[in-house]
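Number of protein chains: 2
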Amino acid sequence: MAETVTFLVDPLPVDASTEFLEASFREIEPGSGALAVNDFAPHRGDGVFETLAVVDGHVQEVEPHLARLANSARLTELPEPNLEQWRLVIRRAAERVPAEGEFALKIALSRGVDPGNTPTGWVHVTPGADFAASRERGIRVVTLDRGVARGAGERSPWLLLGAKTLSYASNMAAIREAKRRGADDAVFVSADGYVLEGPTSSVLARIGDVIVTPPPAAGILHGTTQRSVFAYLEGQGRAVEYRDLTVDDLRGADAAWLMSSVRMAAPIAELDGTSMPVDHEATAELNAYLLSPRD
Amino acid sequence: MAETVTFLVDPLPVDASTEFLEASFREIEPGSGALAVNDFAPHRGDGVFETLAVVDGHVQEVEPHLARLANSARLTELPEPNLEQWRLVIRRAAERVPAEGEFALKIALSRGVDPGNTPTGWVHVTPGADFAASRERGIRVVTLDRGVARGAGERSPWLLLGAKTLSYASNMAAIREAKRRGADDAVFVSADGYVLEGPTSSVLARIGDVIVTPPPAAGILHGTTQRSVFAYLEGQGRAVEYRDLTVDDLRGADAAWLMSSVRMAAPIAELDGTSMPVDHEATAELNAYLLSPRD
Numbered sequence: 001m002a003e004t005v006t007f008l009v010d011p012l013p014v015d016a017s018t019e020f021l022e023a024s025f026r027e028i029e030p031g032s033g034a035l036a037v038n039d040f041a042p043h044r045g046d047g048v049f050e051t052l053a054v055v056d057g058h059v060q061e062v063e064p065h066l067a068r069l070a071n072s073a074r075l076t077e078l079p080e081p082n083l084e085q086w087r088l089v090i091r092r093a094a095e096r097v098p099a100e101g102e103f104a105l106k107i108a109l110s111r112g113v114d115p116g117n118t119p120t121g122w123v124h125v126t127p128g129a130d131f132a133a134s135r136e137r138g139i140r141v142v143t144l145d146r147g148v149a150r151g152a153g154e155r156s157p158w159l160l161l162g163a164k165t166l167s168y169a170s171n172m173a174a175i176r177e178a179k180r181r182g183a184d185d186a187v188f189v190s191a192d193g194y195v196l197e198g199p200t201s202s203v204l205a206r207i208g209d210v211i212v213t214p215p216p217a218a219g220i221l222h223g224t225t226q227r228s229v230f231a232y233l234e235g236q237g238r239a240v241e242y243r244d245l246t247v248d249d250l251r252g253a254d255a256a257w258l259m260s261s262v263r264m265a266a267p268i269a270e271l272d273g274t275s276m277p278v279d280h281e282a283t284a285e286l287n288a289y290l291l292s293p294r295d
Numbered sequence: 001m002a003e004t005v006t007f008l009v010d011p012l013p014v015d016a017s018t019e020f021l022e023a024s025f026r027e028i029e030p031g032s033g034a035l036a037v038n039d040f041a042p043h044r045g046d047g048v049f050e051t052l053a054v055v056d057g058h059v060q061e062v063e064p065h066l067a068r069l070a071n072s073a074r075l076t077e078l079p080e081p082n083l084e085q086w087r088l089v090i091r092r093a094a095e096r097v098p099a100e101g102e103f104a105l106k107i108a109l110s111r112g113v114d115p116g117n118t119p120t121g122w123v124h125v126t127p128g129a130d131f132a133a134s135r136e137r138g139i140r141v142v143t144l145d146r147g148v149a150r151g152a153g154e155r156s157p158w159l160l161l162g163a164k165t166l167s168y169a170s171n172m173a174a175i176r177e178a179k180r181r182g183a184d185d186a187v188f189v190s191a192d193g194y195v196l197e198g199p200t201s202s203v204l205a206r207i208g209d210v211i212v213t214p215p216p217a218a219g220i221l222h223g224t225t226q227r228s229v230f231a232y233l234e235g236q237g238r239a240v241e242y243r244d245l246t247v248d249d250l251r252g253a254d255a256a257w258l259m260s261s262v263r264m265a266a267p268i269a270e271l272d273g274t275s276m277p278v279d280h281e282a283t284a285e286l287n288a289y290l291l292s293p294r295d
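Sequence lines, in order, name chains A and B.
Last residue of the first sequence: number 295 in the working numbering, and the count goes up by one each step with no gaps.
Last residue of the second sequence: number 295 in the working numbering, and the count goes up by one each step with no gaps.
Simulated from the structure, these hints should not be mistaken for lab results.
Think of the CB as a built atom: it goes at the ideal place given N, C-alpha and C, for glycine as much as any other residue.
Where hints are given, some of them may not hold.
[Stated by the list, open to error] For each label pair, taking beta carbons as the anchor points, the in silico distance ranges come out as: (1) B:ARG176 x A:GLU29: 34 to 44 Å; (2) A:GLN236 x B:ARG176: 23 to 33 Å; (3) A:ASP295 x B:GLU84: 20 to 30 Å.
[Unchecked claim] Calculated Cβ distances over 10 Å to all of chain B for the following chain A residues: (4) SER32; (5) ALA41; (6) GLY47; (7) GLU84; (8) VAL148; (9) THR165; (10) ALA191; (11) VAL247; (12) ASP272; (13) VAL278; (14) GLU281.
[As the list claims (entries may be wrong)] Output of the computed footprint for chain B on chain A, the stretches with three or more beta carbons under 8 Å from beta carbons of chain B: (15) 88-102; (16) 204-216; (17) 251-263.
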């Protein structure tokens, strides 16, 4: 058992024989030198990733994350990932951490070492932070203009707005800006005033009896946690909807959350310095669902 | 002597004693595992870089590149780089490659290993490609919408448009899109129709007797090669100007180039499938200047 676990992965082609799977990855000392400086991941932020929650030994929503990894690979013209390999690698990595508690399991696929095109991969598992306050009391959020109009991702696919790439410098800068303003997190807004997504989360709002989220066509990543919550709510007979949201719509919502795989449902308690209603009951229900074993 | 050289660098604080400089970096086998997978460079594309040309043993424009590295570090809130250290590291790396020929020398500064904030750094030198055809016959270029309006970088500094970060996935996707369209390279255009920059270059145009380039306030990186060429031309008594350029302005120019540190002046011979005039005399003069030793 270890609190932090790192595997280096040699990504296999989709048609590789299953006999190669177990030998296609190896555990290394966390923090040790592993990637070449001219691997396209550090060289160009040119790779894709997913972060999965591990809760009491169960890896949440492996298939939706792998489906999105494959979609990100397609959008960035990386070789199609061998999902059977990634399923095994994820399982083996999760087995190496304690069977109790929360962990964040990141999988990444890079274009490989420049100038070749043999992808490299890795898994890195770390203990989850203590999200109790974020999940219960909520978070303070600021809106930040992303500069692009709604729908820019469809007109300009080279912006990779729908792919989860390793190029997150601007996402990290947005979180620093939020903290500078005394907040905890940010929500990106389009140049034409529509709510997009958080730097590492999806935005959900309850407006009356309907739970709404901006459509992926707005130029955002389709959230795995948002989708999981939508499926759960639909199963409960509740109304969910993809709908364009202005900042005023969000400000006037009956409740709102940032949703992400590891922090899960964090209610927005303050938006741009103004208090927002926190629906404690719905939040507790959502996090109970999100923390339960999900496949 | 080696054709490819890699140094790992422990970035020193600006007030470090000079006695530590020589011991602050070490050569490693190129392509060997060096960076932790949770170093912020592969983890988040969260770091900054510069690429310098080495021409017959001379590193071009070290000080302008270091000034821009320091500016990128400031914009991304990385610790201020110790420029004395980087000068030494650059010199030592350049000494390891043959004294004839062209090389590309990349320096990079990452935020370090998550969750710490001790930066990591590296230098990687590779042989320059054969740019003869690009510099003489020219390149085919397509315009690609970047989705942001001109000036978005000033309104949204968290987009880091003026910083040279390691998050280049979208720049690489733009070059792939250009190749898919049968071209060699791309020029990003703002959502409101203004010429911005290439994915790895600046745009210059000759309009009558004036050499023009878009102003950095448009939301672009201030090009070191563009600045060097402007200084050279001004020294020759030629008119240069920062000026907003529409795509029509570029299409109607008397000549145009993409300028970058290693490929240098590449005339645009074709823009979106339409031929453009190539000023062979001016191009030869610019590349003769750019290939001469510059500090």
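The hints, checked one at a time:
| no. | hint | in the structure |
| --- | --- | --- |
| 1 | B:ARG176 x A:GLU29: 34 to 44 Å | holds (35 Å) |
| 2 | A:GLN236 x B:ARG176: 23 to 33 Å | violated (44 Å) |
| 3 | A:ASP295 x B:GLU84: 20 to 30 Å | violated (56 Å) |
| 4 | SER32 | violated (6 Å) |
| 5 | ALA41 | violated (4 Å) |
| 6 | GLY47 | violated (7 Å) |
| 7 | GLU84 | holds (22 Å) |
| 8 | VAL148 | violated (4 Å) |
| 9 | THR165 | violated (4 Å) |
| 10 | ALA191 | violated (6 Å) |
| 11 | VAL247 | holds (15 Å) |
| 12 | ASP272 | holds (15 Å) |
| 13 | VAL278 | holds (26 Å) |
| 14 | GLU281 | holds (33 Å) |
| 15 | 88-102 | violated (count 0) |
| 16 | 204-216 | violated (count 0) |
| 17 | 251-263 | violated (count 0) |
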